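**Student:** Residues 1 to 1269, numbered by this note's numbering, are exactly what the sequence shown covers, in order.
Source of the hints: derived by calculation from the structure; they are not laboratory data. This structure is a prediction, so every number in the text was calculated from the model and none was measured. For glycine and all other residues, C-beta sits at the position ideal for the given N, C-alpha and C. Treat the hints with care, since some could be wrong.
[Said to hold, decoys possible] Ranges between beta-carbon positions, derived for each pair:
no.	residue 1	residue 2	range
1	D347	Q868	17 to 25 Å
2	R1051	A1085	19 to 27 Å
3	V692	D1029	48 to 56 Å
4	D1131	E997	50 to 58 Å
5	E117	T1152	28 to 36 Å
6	T960	R865	29 to 37 Å
7	T927	T1143	40 to 48 Å
8	K977	P346	13 to 21 Å
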Amino acid sequence: MFASLAPRVAFVPVALVVMCAPAHGWALVVPPTTHGESTAAPPSPTAVVDACKIKPVEGLAKSTVATYPLIDDPVAFCIDEQGRFYFAESDRQERGIEDNRSSSWWLLDDIASETVEDRLAMYRKWEAKREGGMAYYSKWSDRIAQLRDADGNGTFEHRSDFAGPFNEPLDGSGAGLLAFDGDIFYTNIPNLWRMRDADGDGVAEFTLKDSTGYGVRVALRGHDMHGLTIGYDGKVYWSIGDRGYHVKTPDGALLHDPRAGAVFRMNPDGSELELYYTGLRNPQELAFDAEGNLFTGDNNSDGGDKARIVYCMEGGETGWSMDYQTLEGANQRGPWNQEGIWHLRPDLAPHKVTAYSPLQPAWTLPPLDHVSSGPSGLVFYPGLGLSSRYDNHFFLCDFLGGDSYSQVLSFALEPVGAGFKVVDEHPFVENVLPTDVDFGYDGKMYITDWGGGWESGEKGELYAVWDATRVADPRVAQVTQLFAEGFAQRDSDELAALLAHADRRVRQRAQFALAARGNITTALLGDVAQHGTDHFARVHAIWALGQQASRNLRNSSNLEAGSLSDATSAIDFVLPLLHDRDALVRAQAARMLGEARATAAVTTLSDLCADDNVRVRAFAAMALGKIGAREAVPAIVSMVAENADRDPFLRHAGVQALAWINDSALLGELSADPLPATRMAAMLAMRKLRDVRLAKFLNDPERTIRLEAARAINDIPMPSLRAQLADSITRFTSAPSPTTTSNAAAVASRNHSFTREVWKLTRAGTVADLSDTALFAKTPDESKELPVAAAPRNAGNQYIARIRGVVEAPLTGEYTFAIASDDDSILLVGTSDDPSTLRAIAHVDGYSEPGDYQGQPGQRSQPIRLEQGKRYAITALHAEGGGGDHCSIAWTMPDGRVEQPIGVAAVDQSEFPHMRRAIEACLAEGTPATATLLCDFALTASNPMPMRIEALDALGAWTTASPRNRVNGMYRVIDGKARDVAMLNAVLARKLAPLAENPDALLRSTARDVAVKFGVSLDPDASLRAVSDSTLSSAERVSSLRSLAGDTGGRLTVGLDAALVSDAPLLRAEARTMLLRNNDARALALLSDASASGTIIERQRAIQDLASLGGSSGDAALTPLVQQLADGTLDAALCLDVVEASTSRNEGAMHTALERWKISLNDSAINRYEAIALEGGDAVNGRTIVLYHTSAVCMKCHAIQGSGGNAAPALDGVATRGDARYLLHSLIEPNEKVAEGYVNAGASAMPSMQTVLTDREVRDAVAYLKTLQ
């Protein structure tokens, strides 16, 4: 980056360069050109306290340490040994560092990127979208600032720009800093930098690019490279978000994954760069606990998932892919949501299990807990400065865009098996917008505050929090002195004593200093490790011995006399500790011996695979894997088998060990083991090794193992095995009923009862009626017992109804209830069979499609624990206005089976993930055989209806498939134009007809749509009957009408005539459209009449159809409408449609009228929106926009029925707070009026939707918000 720029120092003494430079050389760094040096008069102590907005827990002091301009847009910070602060500052947020949500035009290019060079090519491809072209990316800069407190009064008076500007197109964000032994490490995509200020003037003269190739995608802003920290082993660790990486290591290896976030580590000199953990979304910071375990906070995707605390166990994967972020609607977040990858396990978080899926993949490691909503900075308490309550506690920044709802949280972790659970979670500092948190050597906690919002804005603060009594502890002053003076010059005995210091940072630096002295200190360290009385002194001594042994192992190719014996000596001191009484000591000894590749430890490590302590077992197994101990495989397998897949962290230890040992023959033998847990471990090890033999597991007798094989082939992916995955769908076409439960308890438990009561009204039933207890207290007009929890469809208009009864739980565990209805409904469930215990748990706003139990966030309840055999009251309240109507209740049982509605045979969804992947494989293979397989799958009545429809949808996409995997959104191209349509038609002609006559309406419609697309003839008489059948849905009748398009027997004419006089507006509109396409002479007159006098939806469709007419006929039909627009007499629901229809036409009178309308708006954007977006929107599409739009991301901050963010007001009942104009203004001018309770946060962090949504999307969003009563 800096090679072509003039150095700050013209002449640097050669001796200085040699002294400062690592083996592969430093480069001179450009002088900063942004802020330069600055000084400021410090505020008075009183002013500091008065101006400090933050609210720490009771008893702590606080102060404002620095504000803008001394600190400017701080993302992260670090503190060096001399107490100087360094800040990673970014002015480029949405000003050079972009986000797919605001640059959606390049999404496909982004998810196709594999290298940073691909990303640069994408920028150049789309540079016309940026003001100034490619220069746009370099207008603003990131930088590193250094702040110094020259007089030691606790506030900074001096600032210098340590390094920068960082403003190459590929740069940013600069989001991680680490000060270590005179070097400053800095993560700024695409590079990991190391810098040094040799002369102490606050400016780096030397810089080195340790590695490059990070950030191959844009993804989301903030998903950068960060988390720099020093590990227990003296290595530098850091993290990256899901922007991916393509990095060549110094030893020539390639680290490549364009989809996931990860953790890396290397030696401080840049050597031995390796991948440590992967599958993360955005691990902003990393922190080790006192035992050397690594953790991070990973944030949620605004798709109903939760932010997580993750234990980064070496070699593990969390399971996130950047592609998931872009999946919305029915496939929102793909497997991440559908297979519960982010869910908690009840054994790890029994106090907070809000969701758990039995489908959670075995190849992933589950989160420990759901903590915070916007995890950012993370630090582990070093041991001094606070009360003993905070021993072994972490502090986590929860960044939510505004200080009034952001905070710094504190929590601790306790071991559970080979993993951990979160305890003592609570707010520690509130009213702060924190990006990073750390402890100074003075005992104080320091917190950077972004200053408000999500984008750069020339603002920021640094705060301090401390316990006045405890920072006066003499040991705190000692810490400051120790770091200022350094450790390298200290006596070995003094350093050995410091291994027991109360401050973990002191212990660590003493460890590193002793380790660096080699064989001179080995015996001293061995004595502390074996005979020390302080636990932490022993642990640090073990780690120091491990550093010595590992260093000698690295140097073994160039041995000096005695070096090998030195390594052996370090190992010899640790070997006896494998028998130590302290389980934590045994665990660390095992870990160190594995990293030192100590073959002498194999026998004892094998024994430890059966240790009483589960964490010891895990470390022993992984140590054996690192050693490559083939002879230890029986011990590892025995551990895996005994675990029986119960503890996922212990299973991972065994799997990782097998993968590291990498004995192909042994894995082949294990794949045939009679125990499922052993075969699962073999399968997962093969996945890690990309071993093609894993395809054999597609036929394993265990469902979970078959599913893991399907996941590996599709998700990695492994294209050479795709045909076998496609063929595995035959399991679901030959089995008698793979999805109907055979659980005896569930079959026997049908002791439910349901009654439906109806109260007829003389007006439309509304959501307000559902809270009118007087209405439901009256004698119902109808009352009927129901066999299942579902009302008959299309039962009438203008009524309210109640389904009430009791359900009996067939199993003990967590149940999720759901409701579907047309129109509004509320679902209530009791804690017993007493109706007085009923409470509302879910609802439908407006309406949902029949059988759609998850289209709205409020439709599904949180998990509710029920006990087997116990009966519970249940009630659904339902309001109906007019048109179609239905109401039904479903539940998902603890074992993952679903009854939709309650009372029908349960559907086992456990095969859904395999089915989805097999369907995708059939589509991708694209052969006559796989087309036949999809048809056979759809024809198999025992297969679940959603998957049968998915198979038909895949057939419909045969020649027009998206370049994205249907399961996980991964980029993969299918050349549909090269496919043989005649072949497909031959298959469809043989197979499709029965599906078009299926009793299920949606399956019938989907089959007909496929037939229409490919010109396959179906029974035209059946289609004609469907067009005229008023009991069918509008969608099915439209589909049937379309299927008549190719009929030559006169049925199309009959069908069109029937449709034109039908009771369904959508069907009438479709008939007019088809007449226009067929050049029917009646079309123009019918469309003109409909544009003036039909229902709103018909008038809108007619205007769109008229717009498609060229020439004078279209102009003549549209001009009167445009004149009405200009006169202010046009129905408001049609204004947008008329504007869109007339904008590109040049007819004189029309153009004049349109210009007259524009003038009336007074060049005001809000006036224009009020004219076109208050009425006429599609609430159904509006719901999709509010819930799923990838650029608007409404649910990132807002919530509906408890689902979503908490950084902005919940949208429940938003329509009662104001009219449509109020709702519109909240979208276009969000700062015009800030909601009560959020005023103190300052300007709203919400951007105007004017730059995010199209006009039509704004109108639809308003229509949906109007339904939220």
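**Student:** Next, verify each hint and record whether it holds.
**Tutor:** Structure-based check of each hint:
1. Remark: the range hint 17 to 25 Å for D347 to Q868 is upheld by a beta-carbon distance near 20 Å.
2. At about 24 Å, the CB distance of R1051 to A1085 agrees with the hint of 19 to 27 Å.
3. Between V692 and D1029 the C-beta distance comes to about 52 Å, which sits within the given range of 48 to 56 Å.
4. Checked against the given bound of 50 to 58 Å, the beta carbons of D1131 and E997, roughly 41 Å apart, lie outside it.
5. Separation of E117 from T1152 is about 52 Å and departs from the stated range, judged on CB atoms against 28 to 36 Å.
6. Remark: the range hint 29 to 37 Å for T960 to R865 is contradicted by a beta-carbon distance near 46 Å.
7. Between T927 and T1143 the CB atoms are about 46 Å apart, so this pair conforms to the stated range of 40 to 48 Å.
8. At about 50 Å, the CB distance of K977 to P346 disagrees with the hint of 13 to 21 Å.
Consistency with the previously given hints fails for numbers 4, 5, 6 and 8, ordered from lowest to highest.
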